[in-house]
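Keeping the supplied structure of chain A fixed, place chains D, R and U upon it in accordance with the hints.
There are 4 protein chains.
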Amino acid sequence: MHDLKHKCGVFGIFGIDEAAVLTTLGLHSLQHRGQEGAGIVSYDGKSFHSVRKEGLVGDNFDNAETLGKLPGRQAVGHVRYSTTGESRLENLQPLFANLAAGGFACSHNGNLTNTISLRKHLVQTGSIFQTTSDTEVILQLVARSDKQKTVDKLMDALSHIEGAYALIIMTNKKMIGVRDPFGIRPLVLGEKNGAYVLASETCALDIIGARYIRDVKNGEMVVVTNDGVESIQLFSQHKERPCIFERIYFARPDSIIDGQTVYAYRKNLGEQLAKENKIDADVIVPIPDSGVPAALGFAQQSGIPFELGIIRNHYIGRTFIEPSQSIRQFGVKLKHSVNRSAIKGQRVILIDDSLVRGTTANKVVRMIFEAGASEVHLGISSPPIKHPDFYGIDTPNYSELLAASHNLEEMTSVVGATSLFFLSLTGTYMAMGHPDRHEDVPQFTDHCFTGDYPVDARELMAEEVMKGVN
Amino acid sequence: MHDLKHKCGVFGIFGIDEAAVLTTLGLHSLQHRGQEGAGIVSYDGKSFHSVRKEGLVGDNFDNAETLGKLPGRQAVGHVRYSTTGESRLENLQPLFANLAAGGFACSHNGNLTNTISLRKHLVQTGSIFQTTSDTEVILQLVARSDKQKTVDKLMDALSHIEGAYALIIMTNKKMIGVRDPFGIRPLVLGEKNGAYVLASETCALDIIGARYIRDVKNGEMVVVTNDGVESIQLFSQHKERPCIFERIYFARPDSIIDGQTVYAYRKNLGEQLAKENKIDADVIVPIPDSGVPAALGFAQQSGIPFELGIIRNHYIGRTFIEPSQSIRQFGVKLKHSVNRSAIKGQRVILIDDSLVRGTTANKVVRMIFEAGASEVHLGISSPPIKHPDFYGIDTPNYSELLAASHNLEEMTSVVGATSLFFLSLTGTYMAMGHPDRHEDVPQFTDHCFTGDYPVDARELMAEEVMKGVN
Amino acid sequence: MHDLKHKCGVFGIFGIDEAAVLTTLGLHSLQHRGQEGAGIVSYDGKSFHSVRKEGLVGDNFDNAETLGKLPGRQAVGHVRYSTTGESRLENLQPLFANLAAGGFACSHNGNLTNTISLRKHLVQTGSIFQTTSDTEVILQLVARSDKQKTVDKLMDALSHIEGAYALIIMTNKKMIGVRDPFGIRPLVLGEKNGAYVLASETCALDIIGARYIRDVKNGEMVVVTNDGVESIQLFSQHKERPCIFERIYFARPDSIIDGQTVYAYRKNLGEQLAKENKIDADVIVPIPDSGVPAALGFAQQSGIPFELGIIRNHYIGRTFIEPSQSIRQFGVKLKHSVNRSAIKGQRVILIDDSLVRGTTANKVVRMIFEAGASEVHLGISSPPIKHPDFYGIDTPNYSELLAASHNLEEMTSVVGATSLFFLSLTGTYMAMGHPDRHEDVPQFTDHCFTGDYPVDARELMAEEVMKGVN
Amino acid sequence: MHDLKHKCGVFGIFGIDEAAVLTTLGLHSLQHRGQEGAGIVSYDGKSFHSVRKEGLVGDNFDNAETLGKLPGRQAVGHVRYSTTGESRLENLQPLFANLAAGGFACSHNGNLTNTISLRKHLVQTGSIFQTTSDTEVILQLVARSDKQKTVDKLMDALSHIEGAYALIIMTNKKMIGVRDPFGIRPLVLGEKNGAYVLASETCALDIIGARYIRDVKNGEMVVVTNDGVESIQLFSQHKERPCIFERIYFARPDSIIDGQTVYAYRKNLGEQLAKENKIDADVIVPIPDSGVPAALGFAQQSGIPFELGIIRNHYIGRTFIEPSQSIRQFGVKLKHSVNRSAIKGQRVILIDDSLVRGTTANKVVRMIFEAGASEVHLGISSPPIKHPDFYGIDTPNYSELLAASHNLEEMTSVVGATSLFFLSLTGTYMAMGHPDRHEDVPQFTDHCFTGDYPVDARELMAEEVMKGVN
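Protein chains in written order, with the working numbering: chain A, 1 to 470; chain D, 1 to 470; chain R, 1 to 470; chain U, 1 to 470.
Note that these hints are calculated values from the structure, not bench results.
Wrong hints could be hidden among the right ones.
What the hints assert, rightly or not - Heads up, simulated DSSO-like pairs for lysine-lysine below, C-alpha to C-alpha not over 27 angstroms straight-line:
1. D:Lys173 x D:Lys217
2. U:Lys69 x R:Lys335
3. U:Lys120 x A:Lys174
One chain only, chain A, in its complex shape (with noise of 0.2 angstroms):
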């Protein structure tokens, strides 16, 4: 039960049969990075095609009439996070654009520190923006670029850019991965039948039967053409520093960062969290789906049993929107039922991933008051949360932050529950392998619980207060 959502997901492949296909496929598993919208661009050796969608993957590029109008052996697809208002259609990637060179596609995970200066420069200087998204400041910038070949064009255009980003790049021929110089967003090289594989995360290589060959590399750039792959390193070396919630919140359980799976990542910060938290109690419930894996690891380190307390409702359709008053009281019912039999009587500890607003926990912990649970104490399988995040995660803003704000007390209070605990810093680094956080160089870009932002996001900070002040 998320109150962060991710903001995207990218996947390519360049040289095999029905390109789009596994594009689609690759995408359908990248689908918890973005419900929104999805997109495939394709080349077929001659033209270039695109489909861009609102909604899944899975209801829309399924069939055979869409999957025909993108032919060819080499095709990039983006996922995209829901959002509302705004013109939406043309937001939705990979932008495309016909530079003097040819056909250049675009897909990108992560979010720019300095598109308001880039983009205002850009616009006085001539360029006509066609939409609000900061990855057509990529593409204006490559098509302003002086320089001869599209690599170069491209390596210009992002000497200018800073902030979080995995980019994949497709033009006639080539498909070129490239990740910020920190490395905050994820992307993989994988392989299939000879035919180079990008994505976001590895089980987008294991649905199409890929095989996973490396990380891309912070600042790296990975050109893929008829001739096998290139890498090129953009920026002077950097120590990686990937985004800590990547493992904590958002990979899919069965992807594979740093040679083991995100499931167990989180069974380990959930037994991280039993060492340090020792409570009486008759049962562990998780908050489905996002705090069973923790609540799994709690268990077999306290040795208390584990329950399905909560049962999500598979049918919730696309739109339940409340229509009524009446209906409004019902809110978490529609999509959770209570299993009173494990929970009547008994003194529970619920688990989640992560608190953000204590809006959603607060009606978990009363509906599990009422189906007459005796105690409810609730773990979090990470820190607090005291700052927002502007390198493509959908936070709110510290207004909203709980942790921002509030003690722990307060946030008891606020939530409900008869104890509140969270993991310490150092167990969340303990989960991940680590002895402990390095505190000069972090081994992660973990500023949502310690400010610590390796990328200067005043920019986009003082545009959040501006929008605070209206």
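This is chains D, R and U only, laid out in the frame that chain A set:
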């Protein structure tokens, strides 16, 4: 991962504002009983109003516009299972007819076993059928009855029909619930703020905050009016034989039957399975989501760790139709992925609640082996299904039921597992709280395991055979 | 610019390949008789197939997919007029029922005058109606008949009904056409390549290249089988009294009735109007498109020049719903514009074929004055409409019929013209080729002008009055 | 029955409430200039709003919901002709760009003749085009201009383009109208309640009750602000040469050009045709609706009676796609039927306003012969079309233009008529009120008849030829 499907769920409420809103919520909680379509008929003191739509309740009935078309303080609803072919909209329920005595709406869960002959007679004497539904036979019989009062007409009609049924009928002044002589299909009575509620399961009472009063009894008719509830015992007393599949597969885990949650029965089935089958293994893995409670019960009884070795993709969308030969091989992977860290090198016990055709089980077993399991044992928390159903469950016919024509060794080979084991019939009854099956008058309708059909279904069997011949 | 609307057109063809294609063409040519929706039922030797859709024939039945759902060598179709409110799809025809003797499809043009009492009796004795259409009464009567053969059942049913009707009925072996005792509604018989055709007008024969054989006679039933056509005279011989409005307003100009085109009758009406009314004027302007033939006749007779003074906008679209107060004033201008060079400073005679409510005429007259006409005379090429219809034409009731409650002076004031003049009743009969109206047994059904209703319509009149009361 | 199609109509209004409502009405009256799609951009003092939809104005912009999305006191709109293939939505106008100086909306009627080279240069220096429309070249040039003020940027851009154009541009403070140096495409200025209006034709002023002020002159820019209208003459004075086709074919009959209705010009053309061609015949029949005014002129001049011998079916619907071989033969009959009483045994003169490919004329002539005409003479009220257009009219290329490759005798044979006759070029100029064509500086753009192209179109001709080669 069910191969069996329920045919319907029913809900009605009488004497409360926004009756259609509450019916929408009730139907949403019964959505597991049918996803093809849903319908609601309301009565506002002057007119009857009807909306019937293909698709999920939450997609079609949640909006103010639709609910605005269903005014009134009494409503009856229906959810229907997914079928293929045929003009479908006309078969959605509640069926409605303007009879001489006024409007008559009817929701039906179950299956009549003598409709072929009844329908033939009615058509020959001048009735025009608009649907292929067996429920319309009831309406036509009511319309033809020469009794004066609606309740008497209905009793007259019921005296001609045979089979399994839970009916909710609404007229301008009454809501009537009826359960067949054996009580094969379920129907419960509840109350919210003085208004009476009828529903297939208690979970539909819970979602609207209604209080459970009691089950409608086998062969009982309950008549709700503004003056309260009247009970009429329609048939000479049979012993109740509710369908055992409700507990094993169909009812929602949080629904309460006979004083216990369905979740608890299913954990019992898993525990019992563990008692009967001692297997040397490293990990218990449920087939999601149907196998989870039994797997938890098996794990707790056996002491072998429980792991989520198979992860369900929540973003399947409506229609992942396989579009091309190359995508077809990815079938199971579209819906599930393997958590390799829990599987690799392990001796795995997979748990599911049933085995019908064996084709899905075969794909799952293979997927687990491919993820590196050294052994894959498949445990089923119920007996082999050897006979089809004719009382409202969509089972395959004999030729497709694996256990109807294969012995255990052959079935093991079909699913491709290291070993395959089922729960015994006695174990099944024990998990339900009985020492054993009463061979003379069994406590449950259990013909799928035993071939013991409480109601004569030869008319339907003959038709099935005829189909097979063509 | 009609305020009157036809209720339906019918077409059937028996014994030819692609019967549904030919039926689509026939219905398209009858589209002026009804634009709300259309339907076709075909029979392919094994099964009946039905498609009914709201909207125009050319928008819904032209595609290979729809036509592919209607295989077979016999088909019957229907177009229906535009109405508002009510659930509409279920009222589209042909109606179809599976009777004991087999499938029975029925297309009906007209209106039954004793359906209220018939329907009441049928419901009380057990029939369930699925539509509000009077046509269903015929089906239910046929279903109830205890005769053995379908033709006999149908004759039995027809013996109970009264009113105006042209029916085309199709069973697996027959196509049957029936016309009411007075022949109020039209029905013609044709032939194409040995296949028999029934249709409301000859224009439907022309479009498919069929040969006109003869009109079905009043009170006649024609039964088409593979052996040819059999004629049965159903009722004791009445004198024929076809509806005069078919010639004046409804039939398509190129249809032939009684040996002459409808266009020729309408020119005659205009000539007769010019003979009866000598007006000093500069230009004859038709109200498009209904007034064009009469205006040409008037101009040729009077010697005053004919000009297209009002130009019709062909791109109205389906639904120019007036969206705001400020757009409402533009009403008439959305559909028509004035050709000022033909109007300015001129004495104009506007010609239309009828005057019903007077509201549209008033807007047109004002528009012509605003364009600079010095005089605007409005000539109507038929007598004043003083009585509503109950035989299948959608007329307003008494309170809305301008001529029912206003004398000529008052009507002139309502429409705002310099003068207003109508054709006399005798002149109308003369234009049809008769020396005068036979007062004892008139040659036409002309109650809208005379109040002489050939079939008792008091049941429907009473209902209308009741509506007026509410 | 036109084979030529206009490419666009434009409308704008500045300084009045409900500007989008008035723009909707204006576009509706210009619908004959383009039926593919329509768009409106409004500005409400703070933001620009845009709605662009495929289909008719009356189907898409009439509802309160759509108009509610277009608030403000200034709006500009566009209708676009029907084309096939290509992604169409993105090419709908008005085009809109957020330039450095603010929002910039542009509606364009016409065709630029040097876009290929301009576009190539812009792309090579970094512009990203989002459409294939030549109009976007204007926007990109404006965006690139290093002038300070919008009007200066626009003038800078216009100095680079060549061709035929009528533009309406809207910024947050201005509405600007521009007409090309020869005034090939039309643009008129009007006023309603103090608000200025720009439109392609006067019929768009009439529908909203606006007063006609004057035509925008060739090479003139009019700048409307809250302070009134300013006129800027952009180019060294050419003599005006408006497109003669506006009067002959395209403009609406009630629009006024040069002090006379278009209807009157067309009657003149018919009269002139009768003067030049004395044919012995019984009846004049227009090909509807394009031939009606000329036929009336021909009839009045010749004294031969005018009859509606061909009747148009008003219920064609959008898409009577021919679904099967058997329906294909009915082609023309779907749209028109013959009024046999006016044709049979007659010597018929058919009148139309143009002859392009000859295929439709052939079908009509055959239909008239089949209805029994003894002779069918086809008179065309304009000269033979021998050259394609490149200034905004969708003409076929040389190979498809009948008169480009056939002499009169051959053409007569192709259309199958007894005789075929055209109006002379001199007669055409006389009908327009000129004694003859000025051979040195002709009064009109008339290259389709003469090959005299006032603006160099070789770039587009070359491209056309290249297409022919492929």
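Hints versus structure:
no.	hint	in the structure
1	D:Lys173 x D:Lys217	holds, 23 angstroms
2	U:Lys69 x R:Lys335	holds, 25 angstroms
3	U:Lys120 x A:Lys174	holds, 23 angstroms
The structure shown violates none of the earlier numbered hints.
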